[in-house]
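Residue numbers (the numbering used here), protein chains in the order written: chain A, 94 to 200; chain B, 3 to 115.
Everything labelled a hint here was simulated from the structure, so no lab data went into it. Incorrect hints may have been included.
[As the list claims (entries may be wrong)] Heads up, simulated DSSO-like pairs for lysine-lysine below, C-alpha to C-alpha not over 30 Å straight-line: (1) A/162 - B/59; (2) A/145 - B/15; (3) A/162 - A/145; (4) A/96 - A/162; (5) A/96 - B/59; (6) A/96 - A/145; (7) B/15 - B/59.
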Amino acid sequence: DAKTTQPPSMDCAEGRAANLPCNHSTISGNEYVYWYRQIHSQGPQYIIHGLKNNETNEMASLIITEDRKSSTLILPHATLRDTAVYYCIVSFNDMRFGAGTRLTVKP
Amino acid sequence: KAGVTQTPRYLIKTRGQQVTLSCSPISGHRSVSWYQQTPGQGLQFLFEYFSETQRNKGNFPGRFSGRQFSNSRSEMNVSTLELGDSALYLCASSLGTVNTEAFFGQGTRLTVV
């Protein structure tokens, strides 16, 4: 079973930052936080992952709280193409997806 | 480099039949995981193979099975198909070690009639 809790849906204005929260209060010390997104029944796409430090790549930033019980994915300048279901997963070596957050970017 | 390839992309089968789906991982990847996605249940983990051995298993009946070959290609089989097995089946490949991301194929859409 998934070990994460995410809001079912969020809206974001195009060009603004999208901040997607995730709770993972039962995360173990060796589990990583991964984020994926899925656009309309395509295969999920990897976005970013981290253990305890904040991470940034060309797609997004990942902020993990000091106690590691929650994290936030930040899309700095959301575009219409970022409309998708975003999944937060905690994993050591197997990935169990929850229901995710359906992000809708609006013009 | 080539991505994860799943074949076939679409499949229609009749109840009671069996089906075999194939997944070719990214070159160098040793882990292949399989998922079932349905509108009602979302993305559910089926099993993971690493170096030809099943390493993790989800909560699915024994009708769902898989295997991995020495070249890391993987197949999953569903026997005695039921209408509820209609779904998008996704496979993901990774290096199989911790701290590595998985890459998904486009999936096989199975319809059972």
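Status of the hints after comparison with the structure:
About 26 Å separates the Cα atoms of residue 162 of chain A and residue 59 of chain B, which keeps this hinted pair within 30 Å; it holds. About 46 Å separates the Cα atoms of residue 145 of chain A and residue 15 of chain B, which puts this hinted pair outside 30 Å; it is violated. Of the pairs offered as hints, the one joining residue 162 of chain A and residue 145 of chain A holds, with about 10 Å between alpha carbons and a cut-off of 30 Å not exceeded. A threshold of 30 Å between alpha carbons decides the hint, and for residue 96 of chain A with residue 162 of chain A the separation of about 11 Å falls inside it, so the pair holds.
Taking the CA atoms of residue 96 of chain A and residue 59 of chain B, the gap is about 16 Å. The hint holds against a cut of 30 Å. Restraint check for residue 96 of chain A and residue 145 of chain A: satisfied, since their Cα atoms lie roughly 17 Å apart, inside the 30 Å limit. This hinted pair checks out: residue 15 of chain B and residue 59 of chain B have alpha carbons roughly 25 Å apart, not beyond 30 Å.
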